[in-house]
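*Asks:* Sequence:
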Amino acid sequence: MKNIAALALISTIAIVSCNKKETAKITKVDPKTGKTITVEVPADSVAKVEENPAIKDSAGVYTQTFKLEKGKTYPLTTYQRDTKTMTDPQGKTLNGTSESTDEMSFTVNDIKGNVYDITLNLIAKRSSQTAQGKTIVVDTKLPIPKEDDLKMIWNINRALTGNKLKMKMDTKGNVISITGFDAVYTKVANSVGSLIKDKNQKESVVASLKESFNEKVLRDQFNKNLTIIPKKGAKIGEKWTNSENADAQGRIKVTSNYILKSVGNGVAEISVTGGIPKKVNKENQGDVTHSLSTELTQNGTITFDQNTGWIKNQNISVKTTQIESISRGKESQSMTSVSNSSVMVNPSAK
3 MKNIAALALI STIAIVSCNK KETAKITKVD PKTGKTITVE VPADSVAKVE ENPAIKDSAG
63 VYTQTFKLEK GKTYPLTTYQ RDTKTMTDPQ GKTLNGTSES TDEMSFTVND IKGNVYDITL
123 NLIAKRSSQT AQGKTIVVDT KLPIPKEDDL KMIWNINRAL TGNKLKMKMD TKGNVISITG
183 FDAVYTKVAN SVGSLIKDKN QKESVVASLK ESFNEKVLRD QFNKNLTIIP KKGAKIGEKW
243 TNSENADAQG RIKVTSNYIL KSVGNGVAEI SVTGGIPKKV NKENQGDVTH SLSTELTQNG
303 TITFDQNTGW IKNQNISVKT TQIESISRGK ESQSMTSVSN SSVMVNPSAK
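Quick note: to get the numbering used here, add 2 to the position in the sequence shown (first position is 1).
A couple of the hints might just be wrong.
Capping the alpha-carbon separation at 27 Å, the derived lysine-lysine pairs in DSS-like fashion look like this [to be verified]:
(1) Lys218 with Lys255
(2) Lys114 with Lys170
(3) Lys314 with Lys74
Rather than coming from a laboratory, the hints here were simulated on the basis of the structure.
Model the full structure from these sequences, guided by the hints.
*Replies:* Have a look at this one:
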């Protein structure tokens, strides 16, 4: 599963004429005083906002819908970069960096009532890992890698891309259905057939794919990325919170705190904070104590196109710190792992 001006726009934009030069009056909140101020700016610096935009105000409450156009294609590229540093008990460090990109887009075929008929285009996948001065890349836009252990990954990714799924979504952003997976599963099975001769192993690869690539997984991803503002709406400065499981057992939850920072000039900006509070687990076996502490923090912004409701950009920084230690009496040793991640949607730059 990004930035605008620092002053929050909270009201409409009125175009006026002064000495034959068009200007725009913009109402903002002064971050220093918290007071509402009105300033004039050149009209050509102001984005056009439709009369009835997808993200609109009603008595100070903003709601998010979608106003997509038939025949148009909307991008949804996700990118993540992780830089991990591990420090062993002797103080020696090991660094590694990994990147992954999933490129897809949504083409609106038809609109019936409040339901969009959409083609989901699976365009490309790329992943890379760098450690100890060596980088390996698996990219569906490049030829198959020479390394045998990378050929399987490339074949599966290449079979996944170049496909089209059918999707139904209503104007409120609720994904009704996504179909067309069986053809993708067949394509993947055929692609690995030249590398895997054992029938059971081939079936195992496809079964694993079905667990990570299916209607529920994609629906959850799109619901998380495409619609952020609560269904009831939110006021400028209002905060709301969502939680999701960070482990399979549901014992650890990631909390995301959102604040609607501004709506105006064609853009809605939402800030994101939260994470996982520091948690320490200890186990004693005789005179030996094993402890593991974990902490995660996140901070960033998400921006949406005010006219269409489609996500423009997301840029969230995530830091995860894990310390594992073993102690016996006064003796203790520990290993530290720190991961800094950038989680982006429709990245303008990396």
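*Asks:* Each of the hints needs a verdict: does it hold here or not?
*Replies:* A quick look at each hint next to the structure:
Annotation: proposed proximity of Lys218 to Lys255 holds, straight-line Cα distance about 20 Å (limit 27 Å). A hinted pair counts as satisfied when its Cα atoms are at most 27 Å apart, and Lys114 with Lys170 qualifies at roughly 10 Å. A distance of roughly 15 Å separates the Cα atoms of Lys314 and Lys74; the hinted pair therefore holds under the 27 Å criterion.
The structure meets every hint from the earlier list without exception.
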